[in-house]
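Colleague: Each chain is listed here by its residues.
There are 2 protein chains.
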Amino acid sequence: MTEPVSVTPRRGRRPGAPDTRAAILAAARELFAANGFSGTTIRAIAAAAGVDAALVHHYFGAKDDLFVSALELPVDPRAALAPAIAAGPDGAGERMLRVFLSVWDNPEHRLPLIGLARGLFDPGGQRLMREGFLPAVLEPIGVALGLERPEVRMPLLASQVLGLILVRYVLKVEPVASMPTDHVVAIYAPTLQRYLTGPLPTP
Amino acid sequence: MTEPVSVTPRRGRRPGAPDTRAAILAAARELFAANGFSGTTIRAIAAAAGVDAALVHHYFGAKDDLFVSALELPVDPRAALAPAIAAGPDGAGERMLRVFLSVWDNPEHRLPLIGLARGLFDPGGQRLMREGFLPAVLEPIGVALGLERPEVRMPLLASQVLGLILVRYVLKVEPVASMPTDHVVAIYAPTLQRYLTGPLPTP
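Each protein sequence line maps, in turn, to chains A and B.
Under the numbering used here, the residues of the first sequence are numbered 257 to 459, in order.
Under the numbering used here, the residues of the second sequence are numbered 257 to 459, in order.
A hint or two may mislead.
Treat identical chains as interchangeable: a pair holds within one or across any two.
Unchecked claim - List of simulated lysine to aspartate or glutamate pairs, EDC-like, C-alpha gap at most 16 Å:
#, residue 1, residue 2
1, K319, E350
2, K428, D378
3, K428, E407
4, K428, D361
5, K428, E387
6, K319, D346
For the record, the hints were derived by calculation from the structure and aren't laboratory data.
Please construct the entire structure, taking both the sequences and the accompanying hints into account.
Modeller: Here's what the structure looks like:
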């Protein structure tokens, strides 16, 4: 198949061929959800979108970048968390939590993020989270932090962050929903820090 | 309206009129989801089901008992947690967590519980949780434990229990999904205990 070039881009906002970009993202979402992150190649995505693999790399970079683009997150968590990570594991629980809260407390980000969270209950969304978001996004953050056993610690961190998101933003349970940031941090940062650097049961 | 008596009960398992019981439960689910726990009266449920309020009390007891019946939980959390609560707040985090794990680790309970958890993303289910389960089930547990500020502490406990349920049972993220009970307890019981009896920010 040849690349479907759009002569008159429909929205005209991005350079290049927006239909091609959209086709690549649609193919990526479908294949990542069906086959997980490790089971999906750039080559397979390119074939499904009817384009050359080099074009996928050109538009989206490496596979983990394409994965993050396909999730259509309002914020790239790797970029948002980079300063929190660069300062190392001490206090990382509080710094990361403040980043999460600043993203979720922004009303512009709230709805797209709740839409994503809803995907946790359908099989494709579960697979994207379990076999995509965790290995491609969360675990590399744990590795970059220099954690011991990041493959255990990052799912623990995720379990409390997901539960906090559910209670504060989805269910809007008071007093958590209206709690000032500093109170949320006082309560939850010690939990996250313990999961990042505290004792773990020996395997 | 008169009570619709079923002369030949369809399943024949329960004494009395199963159609009446089913009609009361259906009306209760609808009204609790639409109006919350405090906004729903036994009288309104009886009227919606076309029966007398005394019959609702006769079949289901008090409003919180009817609410728990309407949720169709595989286990009544108040009964399951009673021994954990009776021993008081010291160590209650671990005792309650062991009860949660024993219920969720039972494959017979898993599917109905995941169905309920999915309801957290639709408006009726959110209202049932926020304005029903929390005030009618969780907060009384906090009061029975003798906690200081149970209306703050029980939502914190819920946030970690919900996140653990998501990661271990819904998303099945390893190594948490296959972790032995004692490891889960070593990791999560201190978190729950801190939420139950640890310091809180001054309001």
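Colleague: Hints first: check each against the structure and report whether it holds.
Modeller: Each hint tested on the structure:
1. K319 <-> E350: neither (30 Å within a copy, 42 Å between copies)
2. K428 <-> D378: between (22 Å within a copy, 13 Å between copies)
3. K428 <-> E407: Cα proximity of K428 and E407: across copies only (14 Å, versus 30 Å in one copy).
4. K428 <-> D361: within (12 Å within a copy, 28 Å between copies)
5. K428 <-> E387: between (28 Å within a copy, 10 Å between copies)
6. K319 <-> D346: neither (30 Å within a copy, 49 Å between copies)
Checked against the numbered hints above, the structure breaks hints 1, 6 and satisfies the rest.
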